[in-house]
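Starting from the known structure of chain X, fit chain F onto it as the hints suggest.
So the protein lines, in turn, are chains X and F.
If you read the first sequence in my numbering, its first letter stands for residue 243, the second for the next number, and so on.
If you read the second sequence in my numbering, its first letter stands for residue -14, the second for the next number, and so on.
Derived by calculation from the structure, the hints in this document are not laboratory data.
Positions of the beta carbon are idealized from the N, C-alpha and C atoms, including for glycine.
Heads up, some of the hints might be wrong.
Stated by the list, open to error - Here are the simulated distance ranges between beta carbons: (1) X:M306 <-> F:A271: 51 to 61 Å; (2) X:R313 <-> F:E272: 49 to 59 Å; (3) F:G492 <-> X:A339: 36 to 46 Å.
To be verified - Here chain F is said to cover these stretches of chain X; the calculated rule only asks that three of the stretch's residues, wherever they fall, bring their Cβ under 8 Å from a Cβ of chain F: (4) 249 to 260; (5) 266 to 278; (6) 352 to 360.
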Amino acid sequence: MPSAPLNRVLYVEDDEDIQRIVRLSLERIGKMTVQVVSDPLQAIEAIKQFGPELVMLDWMMPGMDGPTLFRKMRELPETRDCPVVFITARAQQRETAELAALGAAGVISKPFSPKDLPDQLRSIWSALP
Amino acid sequence: MSAIPTTPSDAVPQAPGALHDASDARRVLADQVELLYRQAPIGIGGALLVASLVVYELYAPHSRELVIFWACIALLVAASRFMLVRAYSRDAAREPDPKRWLRWFSIGALAEGVSWGFAAAVFFPSISDEQRVFLAFVLATMTAGGLPLFSAVWWVFALFAFGVIVPFEAVLFTYGTRLFSELALMIPILLAINVAVAYRLNQVFVSGFRLRQSYGRLTQDYTTLNLQLEQHLAELEEARRQVEASGRKLALFAERSPIPIFEFDWNGVVLTANPAAENLFGYSAAEMIGKKGTDFLFPVEVHADVLAKWSGFMRSSKPVVAFRYHNVRRDGAELVCEWSITPLVSPANRVLSVIVQGRDITQQLEAERMKQEFTSTLSHELRTPLTSILGSLQLINSGAFGELEKDVAELAQVAERNGQRLLDLINDVLDIERIESGKLTLFPEPRALHTLLQEAVNLNQAFAERFNVRLVLSADLPNVRVNVDVKRILQVMTNLISNAAKFSPAGEAVTIEMHDLGGEVRVAVNDRGTGIPENFRNRIFARFAQADSTDTRQKGGTGLGLAICKRLIETMGGRIGFADRQGGGTMFFFELPKHRAD
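So here's chain X without its partners, still in its complex pose:
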């Protein structure tokens, strides 16, 4: 279990409205530090610069989808160990199982409850080895 509580989160999402809701939820309710990236192609660079404790990925994005980005992260030493939580509308069991097989720390289905989102992330965080 990680020693410190979850604080720094980076979120890759192309939909600006959802970006705003997640940011407000995590900042106002969860009291976390949040960095949002709209373009998945710039995500790796942003992760390297921001150094998040946890990364949240959308599944369907223009340019590059979440799982592809996730695989890319696994290939780079700087991003390899960063836990990843998917937030997706495609949270059928089949996809959940697929993501777990890839090594995702958790899956949160859309629509999510912004009131509960910080708690959900924290419980995933505290369950990490």
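Quick look at chain F alone, frame taken from chain X:
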């Protein structure tokens, strides 16, 4: 069919060679006896006439008693024989036993003969020579007269003749004159000739009867054969008419069918094609007939595959239903057809021809694809804006941005609640669509049922509290495990519990129970609501079913919940139902097979 040929149509006609045997001896004898009896009245009448003459001629004072006595005997014999004839003719209609009647007749004939022999014996010694000549003549007449009357059965004549002759002979021999003795010697010769003639006559009669019978049988056989022939011809005509009618019907079916129908031979060469086939593939029937189906109906790349399938099918000669192939039209356009193949097999199991129907399912497949696309679009495109709407409203209502003015807060809550309902509806519609298109994948795992129920109660506690309803769980079967998709079973439980809570009066309890049914386990959710209205009971598990359309506004819900529950439970191998409760309210239940660890 009857064992005894009673009617002409049942009779088995005999081969011509067998016809001479057709006259059976019994029938011939019956005919002989009948002839004897038919002629008897002539004999009786004749005998009476001759007897009267004899009485008249021989009546004299010294022989009065003797003549009267003999006359009585002659009358008695005549009367007896007459009665016998009467009895026979009454019995004749009922196929009399010919032997019995012959026996009686022969006794009568003998009596007749003896009565005349007796006349000779008693009168001969005491009469004049002229009278003796008269009497001898009478006896000869009687014997000769008996010949046509009795010789239908020769030995009857013989009996009669012996009856006449033997007493007369005895008298002639014992009388002592040479003339009479010579006469006595001649009489047996006469008798023998007469009997021989009778025997010949008898033969002639018998063969005549045989011929008559055979002819009768022949005529009957001929009539029977004729009748049978007529019947067969009529049946043949009827069969031909039916075949023609069904042929016309079939041709009409094929011609009017909207589905392309081909008839192929064993090698896959087109024999016939209907107008629908012409329309679909763009060739006229005349162009297609004689060509191999693979050469023009299928794109080149599948030829080998189709040929292999066809020869495999010809080997098995079993009907094949609905296999799909890409096909090509004359103008080059590709389409997808679903082919059904039906071999016409002869009784000797030889493939005569093959009826092949090809249904164009190109548009149907396109429609299915569009429906799927629409569903997944609905899933994503509707949920994405809803995520933003609901997320924003939830954040506003969470109080993280400070207290709102009371009216604004209420309106924001209305917006959130209805947004949530819209989301539920979308989810339910997608669920139903997935289940009904067979695309729902379940992930069953063995789980202890009581912990699932506990989880369901925990999930719905807050909802029940909104209606001021308590949830009481008595899950007292900790060892019962079920093989279920956890998420889906919780969905079913949430549906049943939230329904029960919504329709319970405030302050009441909703009880959740487990019942062991042996191989299955039942989960019951009991409420104290007003019960299910009578007119709603048979459609409660149907889609968009709600007892009262105002319920949607008052209680929320999409009307899809129970329809989804039913399909989910049935997919998991169980059943779902409801029943009225004692003391009011309803029990909703589902039953699942227990999981047994192997």
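Hint check results:
One distance hint, 51 to 61 Å for the beta-carbon pair M306 of chain X and A271 of chain F, holds here, with the actual separation near 59 Å. Checked against the given bound of 49 to 59 Å, the beta carbons of R313 of chain X and E272 of chain F, roughly 57 Å apart, stay inside it. Between G492 of chain F and A339 of chain X the beta carbon distance is about 44 Å. The supplied range of 36 to 46 Å therefore holds. Note: the stretch 249 to 260 of chain X has 3 residues with beta-carbon separation from chain F under 8 Å; the three-residue rule is met and the coverage holds.
For the stretch 266 to 278 of chain X, the proposed coverage by chain F is satisfied: 4 residues have a C-beta within less than 8 Å of a C-beta in that chain, meeting the threshold of three. Evaluation of the coverage hint for the stretch 352 to 360 of chain X: fulfilled, as 6 residues show C-beta separations to chain F shorter than 8 Å, against a requirement of three.
Checked against the numbered hints given earlier, this structure breaks none of them.
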